[in-house]
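From just these sequences and the hints, can you work out the full model?
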Amino acid sequence: MYRIIRKEVLNPNVKLLEIEAPYVARKAEPGQFIILRVNEDGERVPLTIADFDREKGTVTIIFQEVGATTKMLGSLNAGDSIADFAGPLGNASHFEGVKKAAVIGGGLGTAIAYPQAKKLHSMGVEVHVIAGFRNKDLIILEKEMAQVSDKLIVTTDDGSNGTKGFVSDILKKLIEEGNTYDVVIAIGPPIMMKVVCDVTRAYNMKTIVSLNPIMIDGTGMCGGCRVTVGGQTKFACVDGPDFDGHEVDFNELMRRLSMYKDHEKDHICRLGVQ
Amino acid sequence: MPNMSPKKVPMPEQNPEIRRHNFDEVALGYTEEMAKEEAERCLNCKHRPCVSGCPVNVKIPDFITLVAQGKFEEAYYKITETNSLPAVCGRVCPQESQCEQKCVRGIKGEAVGIGRLERFVADWAMEHLDKKPEKVESNGKKVAIIGSGPAGLSCAGDLVKLGYDVTIFEAFHTAGGVLVYGIPEFRLPKELVQKEIDGLVAQGVKIRTNMVIGKTLTIDEIFEEGFSAVFIGSGAGLPSFMNIPGENLNGVYSANEYLTRINLMKAYKEDSMTPIMKSRSVAVVGGGNVAMDAARSALRLGADKVYIIYRRSEAEMPARLEEVHHAKEEGIIFKVLTNPTRILGDEKGWVKGIECITMELGEPDASGRRRPVPVAGSEHVVDVDTVIMAIGTSPNPLLRNTTPDLETNKWGCIVADENGKTSKEGVFAGGDAVTGAATVILAMGAGKTAAKAIDEYIKSKE
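Each protein sequence line maps, in turn, to chains A and B.
Numbering-wise, the first sequence is residues 1 to 274 according to the numbering used here.
Numbering-wise, the second sequence is residues 1 to 462 according to the numbering used here.
Quick caveat, the hints were computed from the structure, so don't treat them as lab data.
A portion of the hints provided could be inaccurate.
[Claimed, not checked] Covered stretches of chain B, going by a simulated chain A footprint (3 or more residues, C-beta under 8 Å):
1) 109 to 123
2) 166 to 179
3) 238 to 249
4) 255 to 263
The structure presented is a predicted model; accordingly, all values stated were derived computationally and were not measured.
The beta carbon of each residue, even a glycine, is placed where N, CA and C say it ideally should be.
This is the structure in structure tokens:
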């Protein structure tokens, strides 16, 4: 069993849990993920590592309550335990030689972008963070992001926080203002990552995306997480989850993510979708 | 006087018409009377050819004699002297190509039903014996086992009997490996696998789940935790695909994913949280036991039509005869000498058919089987909404990628000698991780051999 030592409600649907998992904490790096099960009959749900503390032996996850499992997870409190917590899985992100980076988070993707910004910032990289949300009530991690960035722009689709526009529009503006990035890291819904990649492709700017397709084991065993990258089939769990965004077939990714949409209507659950 | 009937005592089975709609076990097992009657067919040959056909050297004539005498408890202990998982072996071993192939009774008529008798004894013991295995006094030496499938369990079983402090590291949340994620309930009930594992735990074997070796811990870090030797029994878990157009359409599964959803994640149960496609018509590509398992599972989940698509002829199929026979009885449609060329999708990206080409057999290839060659212009489309690829698996790269001093071959299999010794000091390996995808019993045999080698290795270090 893995004990929850801290819980935070970031917005009505998004929650943070800090979980005791010393083995995972010892190895965790930004970009990697874990697979958890809430209870003995639960689904295996992959979630990206949002933060970790090697000394305390804890790993932090941030998730949106979208189905039965994440709702169940969200109902737990500090002191409760979950049945399984395996990881760290996938490959760590690599930032060698980067001097200036744009880190883009869309909605819940901000939680996954945060450890990347934090790592880059700690390496002395100039970090510009763009975080986008549908409206101001859904904003998460604004304070944390401010601490690990040289420039932070939080934007909303409806302009309710005073800044209106999609993250891709803001990025385009920053580039047009003369910012050149060694790498752009885009994490969020597939459609957002796709649009960001369309923007950066025009400037030939390297763009890394983090993919979260449906998966069961997270170790290369099921092949459910197949994605086409540069015309080749890759397993997101062992070959990723980070990929060159300009090579990813986003339309296929979105189609494959919809595989159990009908099932969800019946059971309100999904195996492996964040 | 032995029972000279040329045929085995028939195995009671669920009626095909009924069982194709449920996940209950197909074969129901012998009664005590049936078991005694079958046991009496054994001639108790002096040269014991059957034993040489068994990868774990079960003392076959001895246990069968005890069954004939009605001494079932003694028979059980005779089997478990060399076999840690009799209830599993009695069900899924290919006896027809091992012990039973060597049976003298098989020359004129059918071999003695060794597998059926082993299963009977194991089931009888589970029902009647309140197994409290005696714990062997610990010698204080720790051995780590990576993977809790048949190779790991059998290695653990032998080492714990020798007094070692054995810890199994399992990546999944449940122990059992392919026995729980791969082989379906109707062939190997999971409750039974759990009982076999509980037996090992009662003897002192420790199991640590959620430990993805190569990620959570490396092999070197395992040694740092004070282990004297490591056995790798991590299997062959990486699914192969054909690399034909349309393989990433919605509705295409690897057999691994399909079976894992159904078995490990319990999608076969009505109240399960695990989604699985409600298929109308399914094509399973491949001719092995895994293909049969996937096809028969699809049928049980409610598909109207299930096809096995196999590029060679039925004679070359690697699946056990019994599995092919059961699949046919249940109504699986066999399309042999047929090979997929592409998978067709509808406008929304879901599978709507599989295009195949007819094959004919040409000259023998490297495997000695006649090579299938396409018949020009014979392309045709089979109407399906689901495709399951069951064309094989290879060892997972996680371990070899994180253990640079572990030698592997061009197929990604770990290189080990006949005793399971690898290129890395103190590291042994066996089962599918070494051989590539094979059988449960061969993996168990390899685990057993490695246990002996590990014992000798540790003693030589003292």
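Now for the hints, and whether the structure bears them out:
| no. | hint | in the structure |
| --- | --- | --- |
| 1 | 109 to 123 | violated (count 0) |
| 2 | 166 to 179 | holds (count 3) |
| 3 | 238 to 249 | holds (count 6) |
| 4 | 255 to 263 | holds (count 4) |
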